[in-house]
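Visitor: Okay, here's what each chain looks like letter by letter:
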Amino acid sequence: MAVASVTLNQPEMPLAHELRGRVGMWCLIAAESAIFSIFVVAYLYYAGKSLNGPTPREVLHVPIFNSVCLFSSSFTIVMAERVIAQGKTRLFGIWWLFTIALGTIFILGTAREWYHLIYDEGLTISSSLFGTTFYSLVGLHAFHVIVGLTGLSIIMIFTALGLVKLEHAPRIEVFAMYWHFVDAVWVVVLTVVYFVAR
Amino acid sequence: MSNAETVLKPMVVSPAREDARPFFDTVHDWIVTVDHKKLGLMYIGYGILFLVIGGIEATIMRIQLAIPNNHFVSPQTFNQLFTMHGTTMVFLVGMPLLFGFANYFVPLMIGARDMAFPRLNAFSFWMSALGGLILYFSFIGGSGLYGAGSAPDVGWFAYAPLTAQAFSPGHSTDYWIIGLLVSGIGSIGTALNIVTTALCMRCPGMTLGRMPLFVWLNLVMSAMVLIVISPLTAAQIMLLIDRYLGGHFFDTQAGGSAVIWMHFFWIFGHPEVYVLIIPGFAFVSEIIPVFSRKPIFGYAIMVAATLSIGFLSLGVWAHHMFTIGMTSYANAFFTASTMAVGVPTGIKIFNWLGTMWGGKIRFTIPMMFCIGFLFQFLIAGLTGIMLSASPFDWQLGNSYFVVAHFHYVLIGGLVFTIFAALYYWYPKVTGRMWNETLGKWHFWLFLIGFHLTFDFMHIPGVLGMPRRIYTYEAGRGWEIWNLIISLGVIFQIIGILFWVVNFLWSYFKGKPAGNDPWDAWTLEWATTSPPPDYNFAKIPAVRSRRPLWDLKHPEDPDWKYE
Chain A
1 MAVASVTLNQ PEMPLAHELR GRVGMWCLIA AESAIFSIFV VAYLYYAGKS LNGPTPREVL
61 HVPIFNSVCL FSSSFTIVMA ERVIAQGKTR LFGIWWLFTI ALGTIFILGT AREWYHLIYD
121 EGLTISSSLF GTTFYSLVGL HAFHVIVGLT GLSIIMIFTA LGLVKLEHAP RIEVFAMYWH
181 FVDAVWVVVL TVVYFVAR
Chain B
1001 MSNAETVLKP MVVSPAREDA RPFFDTVHDW IVTVDHKKLG LMYIGYGILF LVIGGIEATI
1061 MRIQLAIPNN HFVSPQTFNQ LFTMHGTTMV FLVGMPLLFG FANYFVPLMI GARDMAFPRL
1121 NAFSFWMSAL GGLILYFSFI GGSGLYGAGS APDVGWFAYA PLTAQAFSPG HSTDYWIIGL
1181 LVSGIGSIGT ALNIVTTALC MRCPGMTLGR MPLFVWLNLV MSAMVLIVIS PLTAAQIMLL
1241 IDRYLGGHFF DTQAGGSAVI WMHFFWIFGH PEVYVLIIPG FAFVSEIIPV FSRKPIFGYA
1301 IMVAATLSIG FLSLGVWAHH MFTIGMTSYA NAFFTASTMA VGVPTGIKIF NWLGTMWGGK
1361 IRFTIPMMFC IGFLFQFLIA GLTGIMLSAS PFDWQLGNSY FVVAHFHYVL IGGLVFTIFA
1421 ALYYWYPKVT GRMWNETLGK WHFWLFLIGF HLTFDFMHIP GVLGMPRRIY TYEAGRGWEI
1481 WNLIISLGVI FQIIGILFWV VNFLWSYFKG KPAGNDPWDA WTLEWATTSP PPDYNFAKIP
1541 AVRSRRPLWD LKHPEDPDWK YE
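For the protein sequence lines, the chains are A and B, in the order given. Per my numbering, residue 1 is the first one in the first sequence, and the count goes up by one each step. Per my numbering, residue 1001 is the first one in the second sequence, and the count goes up by one each step.
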């Protein structure tokens, strides 16, 4: 009884305003997931329907090193989130730089893979249906990595200027959600492109 | 330094500039604003502007089809007209108008001072505006180097392979793709904002169970927009890849599939219909209780029905594709799922009737539009059930029966609720009352026009008149119906003119409305009309679903019974 009267006198506070960054990012992730789903469905639907070669089995090699780099960047960004929440800005900068480096290695790896596919194997976006679906799905993901890297670099510049402080930890967390999402999408893209639909 | 200051100062306060300032300041204020009310009004103004443009396009089409063997416009122009009419009405009228209302009233109803992300809000509005501009720029820039026609003419669902570079040379189709892509980014931004606002910005005491149904339904609509607009965005990216990078997604010559475009488009396209009509339900769910003097009947069921409509609508898209020849399993599934959506929708209609039942109904203009909506939406739903049966659809798919059905939903349903909402909240937004007599003229003329046009449109459909045809021969039995359909447009236009005159006149000369002209119950009526920039001087705290009822009736507050 006593508990009930207390809740009436102090009206329940809804979700805190501070959570809005995360809720907004979850919404963005939902919308982005829908875009990726359509591209994944198209990839799977068209798998093996290409009228001419090369086939995925002939030219695709699982990018192990690349993937390990991208997945580790999720770990380094978690460390960065953790140290900025304790106000250790210098340490934050180091972990952040690691994240950027790992992301950059991934993008460079993709670039090398594409160079090989285009110039050595003759697979382009217009050469076959496989090329169209491959470059658009992997390219859409790579585009998201580049957007993420741009955001990471902007925050890195602010960090270098000494502008990122303890109070920005929640915002860093919201941005890190996006980076985790980009990593998670790679799990799906990697599985679909390099294992399922070969 | 000080010298420069003394030189500059007189210039700032020179009389010539003072005269010029207020106007430019006002324009500047509106352009740089991040206030949810101003952005909401800009969304609504933008929607109404394109409503007029889309309406003119429809009128030209009806002149063309009024009599057989007519050549009022060229076939090429006719194709552009129905493409632009459909695209405009869905993306540049429906979505902006509904987002406008959500923008203006969601923060007010939950006792907040603004949306969760005010700057994102402004960004989203200007992206939507840019999208509309890009689409309509096609009239000027669409012909490209080929001289291949101006505006897009591929139909609003732009089926492949008609959109391939070979069949749609020039840039008109690209303007269609990019215009919608850009406005889609705006839609996702606003939807994200509304979801976050409804979840995170509510005032103390406003639990999810006490949120006005308007906010609930807009929350569901926005959550749907997030996952529904994205497939269209994805499909349009694919189409751009096909058109510009030589891709083969929808190129049947290289193993691609034209049918997959249909799937992707309708995965967006059908839920989009519910995205449009759910805010219509939201208006009705606020207006009917206030003018029946009763709280909404079955609040929880209403929320549950909305959620299930949102969920079920994601699995009905292929009922647009019965005629392309799917497996019998697919036909059976999509027939069943489409009919299933009718159940929660029917529950809603009974809830609104239950709210009116035994109530002290006041027949004001908003209420009259709502009652019109109830009847017309029921009929629209019934023809929807008919079309959901795949054997029936094989007969009447792509006929004027289908055109009549979805115009019944979107005009008889949605536009009537939008007018109801415009009349209902006009006093809050402007601080003045509209004229009742002019409003009645508007209602009755528009109602008669609507029924002349869209009741009789079912008949040529049953008689075999296909949609999108440019003209037809005499002697098929279609002439008299087409003439009646076209005559109905005149009544609709005159009705709309009464509305325009009414709202313009009332803005300057209307009686002051006061804060709460309808004796309503939600928080937007607790503040002044129009609301101040900060909405509420003191953030309110609520204890029930009808906070203003509690305030007006301290002896018998709602929270005792909830």
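The set of hints was computed from the structure by calculation and includes no laboratory data. A few of these clues could be false.
To be verified - Partial selection, computed: residues in chain B whose CB lies under 7 Å from chain A: (1) ILE1227; (2) ILE1241; (3) PHE1406.
Claimed, not checked - Distance windows between CB atoms, simulated: (4) ILE146(A) / VAL1343(B): 22 to 30 Å; (5) ASP1519(B) / LEU166(A): 34 to 42 Å; (6) MET1433(B) / VAL187(A): 56 to 64 Å.
None of the values given here were measured: they were computed from a predicted structure. A virtual CB, placed ideally from N, CA and C, is assigned to each residue, including glycine.
Visitor: Indicate, hint by hint, whether the structure satisfies it.
Guide: Hints, one by one, checked against the model:
no.: 1; hint: ILE1227; result: holds (5 Å)
no.: 2; hint: ILE1241; result: holds (6 Å)
no.: 3; hint: PHE1406; result: violated (24 Å)
no.: 4; hint: ILE146(A) / VAL1343(B): 22 to 30 Å; result: violated (46 Å)
no.: 5; hint: ASP1519(B) / LEU166(A): 34 to 42 Å; result: violated (51 Å)
no.: 6; hint: MET1433(B) / VAL187(A): 56 to 64 Å; result: holds (59 Å)
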